[in-house]
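Listed below, chain by chain, are the residues.
Protein chains: 2
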Amino acid sequence: MDSTIEQLNAFFNPRSVAVVGATKKINKAGHVIFKNFVENKRRGVLKGEIFPVNPYEDSILGFTCYPSLTKIPEEIELVVIVVPANIVPQIMEDAATKKVKAVVIISSGFSEIGKHELENKIVSIAKRAGIRILGPNCLGVYDSKTGVDMLFLPETKILTTGEEVIATPRPLPGKMAIVTQSGAFGVAALDYLAGRQMGISKFVSFGNKCDVDEAEMLEYLLYDSETKVILLYVEDIKSGRKFIEVAKKVTKRKPIVAIKSGKTAAGARAAASHTGAMAGSDQIYNAVFAQTGIIRAHDMEEFFDTGKALAMQPPAVGKNIGIITDAGGPGVMAVDECELKRLNVKRFSDATIKKFEKLKEEGKIPKFATYLNPVDVTGSVTSEMFEYAAEILFQDPEIHGVIVLGLHHVPALQEDFIDKVANVANKYVKPVVACDIGETEMALHTRLRFDKLGIPAYPSPEDAARAMNALVKYGLYLKKNGCLQEYVEDFLKSKQK
Amino acid sequence: MDSTIEQLNAFFNPRSVAVVGATKKINKAGHVIFKNFVENKRRGVLKGEIFPVNPYEDSILGFTCYPSLTKIPEEIELVVIVVPANIVPQIMEDAATKKVKAVVIISSGFSEIGKHELENKIVSIAKRAGIRILGPNCLGVYDSKTGVDMLFLPETKILTTGEEVIATPRPLPGKMAIVTQSGAFGVAALDYLAGRQMGISKFVSFGNKCDVDEAEMLEYLLYDSETKVILLYVEDIKSGRKFIEVAKKVTKRKPIVAIKSGKTAAGARAAASHTGAMAGSDQIYNAVFAQTGIIRAHDMEEFFDTGKALAMQPPAVGKNIGIITDAGGPGVMAVDECELKRLNVKRFSDATIKKFEKLKEEGKIPKFATYLNPVDVTGSVTSEMFEYAAEILFQDPEIHGVIVLGLHHVPALQEDFIDKVANVANKYVKPVVACDIGETEMALHTRLRFDKLGIPAYPSPEDAARAMNALVKYGLYLKKNGCLQEYVEDFLKSKQK
Chain Z
1 MDSTIEQLNA FFNPRSVAVV GATKKINKAG HVIFKNFVEN KRRGVLKGEI FPVNPYEDSI
61 LGFTCYPSLT KIPEEIELVV IVVPANIVPQ IMEDAATKKV KAVVIISSGF SEIGKHELEN
121 KIVSIAKRAG IRILGPNCLG VYDSKTGVDM LFLPETKILT TGEEVIATPR PLPGKMAIVT
181 QSGAFGVAAL DYLAGRQMGI SKFVSFGNKC DVDEAEMLEY LLYDSETKVI LLYVEDIKSG
241 RKFIEVAKKV TKRKPIVAIK SGKTAAGARA AASHTGAMAG SDQIYNAVFA QTGIIRAHDM
301 EEFFDTGKAL AMQPPAVGKN IGIITDAGGP GVMAVDECEL KRLNVKRFSD ATIKKFEKLK
361 EEGKIPKFAT YLNPVDVTGS VTSEMFEYAA EILFQDPEIH GVIVLGLHHV PALQEDFIDK
421 VANVANKYVK PVVACDIGET EMALHTRLRF DKLGIPAYPS PEDAARAMNA LVKYGLYLKK
481 NGCLQEYVED FLKSKQK
Chain X
1 MDSTIEQLNA FFNPRSVAVV GATKKINKAG HVIFKNFVEN KRRGVLKGEI FPVNPYEDSI
61 LGFTCYPSLT KIPEEIELVV IVVPANIVPQ IMEDAATKKV KAVVIISSGF SEIGKHELEN
121 KIVSIAKRAG IRILGPNCLG VYDSKTGVDM LFLPETKILT TGEEVIATPR PLPGKMAIVT
181 QSGAFGVAAL DYLAGRQMGI SKFVSFGNKC DVDEAEMLEY LLYDSETKVI LLYVEDIKSG
241 RKFIEVAKKV TKRKPIVAIK SGKTAAGARA AASHTGAMAG SDQIYNAVFA QTGIIRAHDM
301 EEFFDTGKAL AMQPPAVGKN IGIITDAGGP GVMAVDECEL KRLNVKRFSD ATIKKFEKLK
361 EEGKIPKFAT YLNPVDVTGS VTSEMFEYAA EILFQDPEIH GVIVLGLHHV PALQEDFIDK
421 VANVANKYVK PVVACDIGET EMALHTRLRF DKLGIPAYPS PEDAARAMNA LVKYGLYLKK
481 NGCLQEYVED FLKSKQK
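Taken in sequence, the protein lines are chains Z and X. So in our numbering, spot 81 of the first sequence is number 81, and the numbers just go up one at a time. So in our numbering, spot 80 of the second sequence is number 80, and the numbers just go up one at a time.
Treat each hint with caution, since some may be false.
Copies of the same chain look alike in the list, so a pair counts if it fits in one copy or across any two.
In silico DMTMM-like cross-links for lysine to aspartate or glutamate, where the CA-CA straight-line distance does not exceed 25 Å [as the list claims (entries may be wrong)]:
| hint | residue 1 | residue 2 |
| --- | --- | --- |
| 1 | K452 | E439 |
| 2 | K358 | E112 |
| 3 | K346 | E112 |
| 4 | K367 | E112 |
| 5 | K115 | E361 |
| 6 | K452 | E441 |
| 7 | K495 | D350 |
| 8 | K25 | E415 |
| 9 | K341 | D282 |
| 10 | K71 | D224 |
| 11 | K35 | E441 |
| 12 | K47 | E75 |
| 13 | K28 | D416 |
| 14 | K319 | D299 |
| 15 | K346 | D299 |
| 16 | K341 | D299 |
| 17 | K115 | E362 |
To be clear, the hints were calculated from the coordinates, so they are not data collected in a lab.
With the hints as extra help, turn the sequences into a complete structure.
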């Protein structure tokens, strides 16, 4: 597979790129994509050479335009194709002549609308010439580090008021790779992640996946040092046996979170009419995910929340969760969700309870605080109380993960409680997630500050519990497969960087 | 019960209010609450008279301070008590002497910490004198119309950077009433609703509910013209038979959405240590909710999402859902969630399919558009296409609800598609919900614009499907009970206002 990895590398870090269908006409995909490359080149992010190809233009954005791929005097590693489907075979022939390594076909109009013959034609040209294809009918690649950016959707839009607003943002560089069969879902994911300030390493939209498929991409990402967590959207999975084999290898070192749509009969029918996907029985997918250690998210929110948790926190080595809260009701909600997910929120050990009793005697927590689990430090909480309680739970060897519900509304709580909790957490290798409820300034600030200090924060107690559940499930999977320790060591190393 | 309603009215619209424990000391609850009343009085929102009571002050914020309730020369309808628990019985005696109608006891330190005797004492004084009590151990009442505002949590907080930010906002006036056993959850709900620009009519925090309970409050809200939807957070329900009787009556005219925590054994234990609630079997609650037509939300997000849907849209008369999307993958996700909730997303009728075929022939939708259900207008969608597709689905008598997935990222879609869809929807009495995915400017703008035009919008396809599910379930409940038509007539009338 090493040669595959080298081949796929051309999609993400090419020494030279040609954009076939580049144009001066704004709003055209061929313009937007070429301009992305030009801008990243000028910023010094993109290292490779770039060449526009279009027989009707002399130059585009200051770059000499070539009438065809074969007329480019330099070697070309990667070609991005943005021309009508019927012309694509000819471009593929040119790419073969030019000994191109990899081609991304953005264009649609292939098997997704029943044109299987046309798709087969380009595949056979590629096979013959040793070219790897991503697509067709896809959004291609965005790499936050190398500056490869094929997203052609308008970065901003103009409202009827005349205001220009962000429409398709790029998230910051980060640890998560997005691998998606649905381009629309992929771009929506970028929008979500950018707004929530969650970073990505790479974005790959597969489309019809006529050549490069999930299995190969997962293998590639296994060896990608920027990627720590893989988020996978699929409607069907081709070459199941290979997928299972690769996924098993990957999940021992990097978590894969999957959302598999087309779960129901009607959903599968919709998927089939949309991408031609043959979704297959959902039970089979469940079994495959369980067997390979892939964490299946049940909806969009859980998909992102899980990715965030795994990117920021080590997995848990067991199912016992300790909860600290300054709000009784939300504490109960977190307990419920943990237990529904089969985590344990059991009474703390006598040793731990004694520590809390001592805190109470010393007047360090309110006299009405309770601490059987959850620890309820009540509405009289101060930042120090969160710190004391966190210290006790992190010390407790019977507690494998900690949920901190720090609702900011109570009078005496200052934002420094977040730093205090993070300082405690940093001394231990035990996962922690946080929650504050609210959608106005202080709530948004509180969650963001938790995030920045490495503790993933969520807007509801249930979301926090589900995120912890993913950390537990993944930890147990690694443990069962004897690779927990190695994973945690890698995780800590990459955290120090 | 009419006299009960008159009694409870004193909590929300009193002719005169005394705040016992009012003080000049900032940050004290007694200061914040009295100041809320003073400010709303000065703004002309609060019509009643206000009186601070505190033996150690002469005047507070320009108002003459009285040493005790009995020294106030005027009649007092409502008393808010913010003094230590052990003094409360004496205040209650004064209130009895003064012939007060209603008392809100904000103070904690009663049955929630085992002091049942103290709580029984105040209850017996109240019973004897005919006083109704809300609390103790609660946040009291916030009424967006009358200016009654007992929320004592700091409205803003100061960050370490010195910036002042909103911490406990008040939502805009709106149609939803919040009735909550957990004060902390209640205030978090206000923060959520304010941030999402969802309005409320009334907010009631029950606390220990030593007197006024859920059943009475639901009955009161049934006759409250400002309230159209009731959001109820409970950990336990007292006087079950009365509750069932009242809830049945209420849900025939106003939907009740409930979140019941303490669902699991560990959650129930946590609830017990938090409020002393005896949660009881979750199966029993499920049965009670089903029997009374209360819509049970499974988590916080669904709780608010359901309230929003019911406040903005009429219920559905059947389970057949039509979906319009410009994004294939998210379309599949919506179908899956609908079907998992037992809604039907079945192939459209031949008549409807013919209409789409005609549109395609006329070049009014893309030639690759599909329309078996979902209608996928593809990434080439324009605002007009959404309008055409919506018109067809609203016309179809076999479709009982419409989900519009309008992902804004595609190039040619302008924000006016929202207005066009809303214009179509306004001609029919058929529920519609919308979704756009993303957390940056254009996505937030899109959802807010849908909301403003009366179509509840959600950030994920699954959220939208769950919201539609609530509209269907409630519609079927009303239908079964023969009160659908009356409800819809009322709904339309209140919408016109």
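Unsatisfied constraints (hint numbers, rising)
Per hint list: 7 and 10 violated.
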